[in-house]
Amino acid sequence: MLLFIAMFISPWWLLFATSILCAFAFRKFYEIIFIGFFFDLMYTNSSSFLHSHFFLFYALITFVIIQILQKRLTFYTRMR
Amino acid sequence: MNYLLKSREKKDSVRKSISVAVIITVILILFSLIFRNITSRILFAIGDPLWNGNNFISKLIRSSFEGFFNSVELSNRIMTYEVKEAEWNVKDQEISVLQNRISEMENIMNRASTSKVVIAGVLKIPPAIPFDTLLIDAGSKNGIAFGQKVYASQAFLMGEISETFPDTAKVKLYSTSGEKFQVRLGASSTTYEAVGRGGGEFSVSAPRDAKIKVGDLALFPGLGGDTAGVVAYVEEDPAKIFEEVYVRFPIPFSLLDTVFIKIGY
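Protein sequences, first through last, are from chains V and C. Residues in the first sequence are numbered from 250 upward in steps of one, following my numbering. Residues in the second sequence are numbered from -17 upward in steps of one, following my numbering.
These are calculated hints, taken from the structure and not from any lab test. The model shown is predicted, which means the values in this text are computed figures rather than measured ones. Beta carbons are placed, not taken as given, at the ideal position from N, Cα and C, and that holds for glycine. Incorrect hints may appear among the rest.
Pairs of lysine-lysine, DSS-like flavour, derived with a Cα cap of 27 Å [claimed, not checked]: (1) C:98 x C:244; (2) C:98 x C:123; (3) V:277 x C:-2; (4) C:-2 x V:320; (5) C:-2 x C:41.
Far from chain C, by Cβ distances over 10 Å, these chain V residues were calculated [unchecked claim]: (6) 251; (7) 273; (8) 282; (9) 313.
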């Protein structure tokens, strides 16, 4: 909820840094994909498919990388 | 000797979560293709009071804490802005003289402009947004429509309305990365293709003998001759036939509080 409100108020770099931190902190943080989706809807102007869904794809790739990293980091394996 | 079997659970769990993420992405893309307008309207309806409130609080905090800043730093900043403002005023005056002459010619040729102007406040602007996009607090209720031209001042044309909502609108700046348009540059007013680079800047490839210098105005083609920007830097390379001219929007985004939208003809 806080991240959703931050989408409107905070600078974009702060929002993305916080989303990435949350994706590391929480397992299966699918909300990052929704944040990318809403961000594209609000701020992109482009008519091309890739540009108009840029942050959605960026969020998906970030999520995948973080999921793989979480599997390999000792911090997470010890917590399980 | 017994060895513990490797657990397959972790690998399967990661694959499962990635598959779910991809499915969610596909569903969201389909959703945006079908319900884009409705979803954007809802988001902008939620965002409008938040952006207005944010701007109000930012101005309040800025005005409250200005007294704590180093007075020397403040006076330096004021001086820099005053110098820049003086430069813009001179450019504005030159452009006004030219535009008056154009208006006289239009009247003679019976083509006088009858457009109306709507003033709108800026809700969000780069660098708060990563793209060259503006959000303004005027929408379809104020007569704003797709494709209308947006000016930063009387002379500087900065973009067009790309999306409208009842109370807000989105402006696409011409300096958006990859955006192509025509400008006139140089003493001979030759038309070149400009390519947006983002951050209020665009570039033009011009022949070396075009004699374009820093401070020249880049104008949009047409009788009105709206100004696109001011040449900030010319990259010359004796080995190349063309030189790269970088044109920048003269007003810093941080100083842009209001914009003017021309509606009608």
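How the hints compare with the structure:
| no. | hint | result |
| --- | --- | --- |
| 1 | C:98 x C:244 | holds (6 Å) |
| 2 | C:98 x C:123 | holds (15 Å) |
| 3 | V:277 x C:-2 | holds (10 Å) |
| 4 | C:-2 x V:320 | holds (13 Å) |
| 5 | C:-2 x C:41 | violated (47 Å) |
| 6 | 251 | holds (13 Å) |
| 7 | 273 | holds (14 Å) |
| 8 | 282 | violated (5 Å) |
| 9 | 313 | violated (5 Å) |
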